[in-house]
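2 protein chains.
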Amino acid sequence: MNTVSQIEDFERFKKRAALSMEEICREIYRENRDRIRIKKENVAVKNLVKIFNATLALSARKGFQAMSLRELCNESGLSMGALYAYFIGKDMLLDIILMQGRRIVKKVLEEAIALEKTSWGKLTCALRTHIYLSELLQEWFFFSFMEAKNLSRDRQKAAIASELFTEKIFLDLLEEGNKNREYAVVNPVLTASIIKAMLQDWYLKRWKYRKRNVSVEQYADFVIETIRCIIAVVKKKNRNL
Amino acid sequence: MNTVSQIEDFERFKKRAALSMEEICREIYRENRDRIRIKKENVAVKNLVKIFNATLALSARKGFQAMSLRELCNESGLSMGALYAYFIGKDMLLDIILMQGRRIVKKVLEEAIALEKTSWGKLTCALRTHIYLSELLQEWFFFSFMEAKNLSRDRQKAAIASELFTEKIFLDLLEEGNKNREYAVVNPVLTASIIKAMLQDWYLKRWKYRKRNVSVEQYADFVIETIRCIIAVVKKKNRNL
DNA sequence: GTCTATACATAGATAGAC
DNA sequence: GTCTATCTATGTATAGAC
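Those protein sequence lines, which keep their order, are chains Y and X.
Note that the working numbering has the first sequence beginning at 1, numbered continuously upward.
Note that the working numbering has the second sequence beginning at 242, numbered continuously upward.
Since the hints were made in silico from the structure, they are not lab data.
From the three backbone atoms N, C-alpha and C, an ideal C-beta is built for every residue, glycine too.
Heads up, a few of these hints could be off.
Stated by the list, open to error - Derived BS3-like pairs: lysine-lysine, alpha-carbon spacing no greater than 27 Å straight-line:
id	chain 1	residue 1	chain 2	residue 2
1	X	K348	Y	K205
2	X	K449	X	K255
3	Y	K208	X	K347
4	X	K398	Y	K208
5	Y	K107	Y	K168
6	Y	K62	X	K331
7	Y	K90	X	K390
8	Y	K205	Y	K15
9	X	K303	Y	K149
10	Y	K62	Y	K46
11	X	K452	Y	K179
12	X	K452	Y	K168
13	Y	K157	X	K446
14	Y	K205	X	K449
15	X	K446	Y	K205
16	X	K420	Y	K208
17	X	K331	X	K390
18	X	K256	X	K452
19	Y	K50	Y	K62
20	X	K409	X	K446
21	X	K446	Y	K149
22	Y	K50	Y	K106
23	Y	K157	X	K390
24	X	K409	Y	K205
25	Y	K149	X	K398
26	X	K452	Y	K157
27	X	K449	Y	K168
28	X	K390	Y	K50
29	X	K281	X	K291
30	X	K420	Y	K211
31	X	K449	Y	K107
32	X	K446	Y	K107
33	Y	K14	Y	K107
34	Y	K205	X	K347
To be verified - Computed list of chain X residues with no C-beta within reach of chain Y, every gap over 12 Å:
id	residue
35	R257
36	I277
37	V284
38	G318
All chains, full assembly: derive it from the sequences and hints.
Below you can see the structure in the form of structure tokens.
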């Protein structure tokens with residue numbers, strides 16, 4: 001199992017990913033041109049950056065629902081009237097943030113895995129990429145998790161689909177590796193579940209790891225090593241799980 | 242490592258714990274007698290059950306902040322005026338729910354561990370007890386996690402202290418077992434963190450496990466087996482984590 | 001103890017001046 | 001494109017009848 005190709009530090013990942021807030025907002029603008037009243041792209045992008053940063057910051061503190069649009073005005077520096085030129089309602093703002101995030105996760109993960117040959121290589125790559133990405137977009141990941149339950153039925157379905165999508169990536173890799181005999185996972189479904197749990201802990205408890213000076217590389221290393229233990233060792237133990 | 246004493250199924254735990262909503266509300270009433278206007282204990286307890294059930298249900302769907310007191314009236318069957326005889330404001334309602342939950346977790350965990358002799362026994366017991374308890378009080382655990390960020394500074398500190406308290410229990414048990422040479426955990430701090438992450442997954446994603454027919458006993462077994470792999474095996478591998 | 005009716009503040013959203 | 005002023009709905013909270 002050669003994993004050397006995977007070991008990339010966070011800074012390199014950051015440069016390679018090129019996911020600045022401006023890039024993201026430009027993409028959002030182009031995707032939603034019909035619903036946004038502003039016509040000059042550069043003006044729109046500049047203000048969208050302000051709006052999304054302010055929204056993520058306020059929501060992290062008190063939740064999206066509890067954030068009033070007046071607070072959003074103060075934090076973003078725009079007026080009420082201006083805000084409504086960028087979205088037709090609070091719902092649309094929520095919607096855009098969630099959708100764009102999902103698009104990014106899907107794209108980045110799939111591209112990363114495609115470069116790998118072995119199942120173990122793909123698995124470690126997926127783990128590390130997910131953790132680095134959630135570090136880069138920590139506020140969005142946190143937001144996305146916390147607001148998922150407050151959605152309308154349609155959007156809730158989309159959120160659940162997204163949760164299951166990433167989990168499925170890990171499940172598939174576990175089963176693929178089982179077939180290859182690269183490793184032997186006794187219970188791939190539950191293993192994929194706790195993999196997700198470990199990945200989520202990084203962005204849900206960011207404050208904790210910051211306080212303890214745990215770097216993102218350390219956390220990724222630890223998770224990968226933990227998974228290695230589980231998928232390499234369980235096969236020798238009882239099989240009735 | 243004899244773990245036989247720990248293997249208790251959920252139904253037995255449930256009976257032993259005797260944590261009916263009524264019991265909990267009675268305790269809440271007694272703790273807050275000075276702040277609750279109702280003087281007849283039985284009347285108060287009966288309505289507190291309605292209020293808390295309604296609050297947990299509505300909050301699970303849309304969040305505590307987004308839940309209006311009018312909705313709470315409908316769901317609980319009480320009127321606005323009546324509600325305000327039980328708490329002096331929405332904040333107090335939030336406060337009571339969080340505090341009472343913490344008290345229960347602390348008490349149940351500590352009592353369970355006290356019965357065990359070995360570190361591994363205590364550890365598996367703590368894991369199983371936590372998972373069973375979070376199954377029994379799933380709505381409260383979910384609520385508590387989701388609302389933690391929406392609190393005033395003081396309450397936020399209390400929430401963080403509570404999060405770290407349970408984590409500390411696991412950390413202490415890991416280090417105790419290291420000293421005893423019952424096992425060897427390379428990185429107890431990070432190990433305790435991901436233990437918490439796995440425990441939280443059970444009540445944060447209850448819908449997922451329900452859909453897949455994973456029982457609470459199965460999940461507890463899986464988590465314990467996973468931890469066994471990590472703490473028994475890591476010691477043979479690289480130590481630079 | 002519980003209800004209905006109501007006060008008062010703040011929310012989201014829009015109109016129209018600039 | 002952006003601002004200020006304002007509309008209407010809804011929120012929390014209270015008063016007073018029963």
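Each hint tested on the structure:
1. K348(X) with K205(Y): holds, 24 Å
2. K449(X) with K255(X): Holds, because 22 Å separates the two Cα atoms, which is no more than 27 Å.
3. K208(Y) with K347(X): holds, 21 Å
4. K398(X) with K208(Y): holds, 13 Å
5. K107(Y) with K168(Y): Cα-Cα ~15 Å, so holds.
6. K62(Y) with K331(X): holds, 15 Å
7. K90(Y) with K390(X): OK: K90(Y) and K390(X) at ~21 Å, within 27 Å.
8. K205(Y) with K15(Y): Roughly 25 Å separates the two Cα atoms, so the pair holds.
9. K303(X) with K149(Y): holds, 6 Å
10. K62(Y) with K46(Y): Holds. K62(Y) to K46(Y) sits at ~25 Å (cutoff 27 Å).
11. K452(X) with K179(Y): holds, 26 Å
12. K452(X) with K168(Y): The given pair, whose Cα atoms are some 15 Å apart, holds under the 27 Å limit.
13. K157(Y) with K446(X): holds, 14 Å
14. K205(Y) with K449(X): holds, 22 Å
15. K446(X) with K205(Y): holds, 17 Å
16. K420(X) with K208(Y): holds, 26 Å
17. K331(X) with K390(X): Given pair K331(X), K390(X) holds - Cα atoms ~16 Å apart, limit 27 Å.
18. K256(X) with K452(X): holds, 25 Å
19. K50(Y) with K62(Y): holds, 18 Å
20. K409(X) with K446(X): It holds: about 24 Å lies between the C-alpha atoms, which stays within 27 Å.
21. K446(X) with K149(Y): Status holds; Cα separation ~11 Å.
22. K50(Y) with K106(Y): Given that 27 Å is the threshold and the Cα spacing comes to 25 Å, the pair holds.
23. K157(Y) with K390(X): Given pair K157(Y), K390(X) holds - Cα atoms ~24 Å apart, limit 27 Å.
24. K409(X) with K205(Y): Holds: K409(X) and K205(Y) sit about 15 Å apart, inside 27 Å.
25. K149(Y) with K398(X): Between K149(Y) and K398(X) the Cα gap is close to 24 Å, so the pair holds against 27 Å.
26. K452(X) with K157(Y): holds, 14 Å
27. K449(X) with K168(Y): holds, 13 Å
28. K390(X) with K50(Y): holds, 23 Å
29. K281(X) with K291(X): With a Cα-Cα distance of about 16 Å, the restraint between K281(X) and K291(X) holds, given a limit of 27 Å.
30. K420(X) with K211(Y): holds, 26 Å
31. K449(X) with K107(Y): holds, 24 Å
32. K446(X) with K107(Y): holds, 24 Å
33. K14(Y) with K107(Y): holds, 15 Å
34. K205(Y) with K347(X): holds, 21 Å
35. R257: holds, 25 Å
36. I277: holds, 26 Å
37. V284: Consistent with the label, V284(X) stays out of reach of chain Y, its closest Cβ about 33 Å off (over 12 Å).
38. G318: holds, 24 Å
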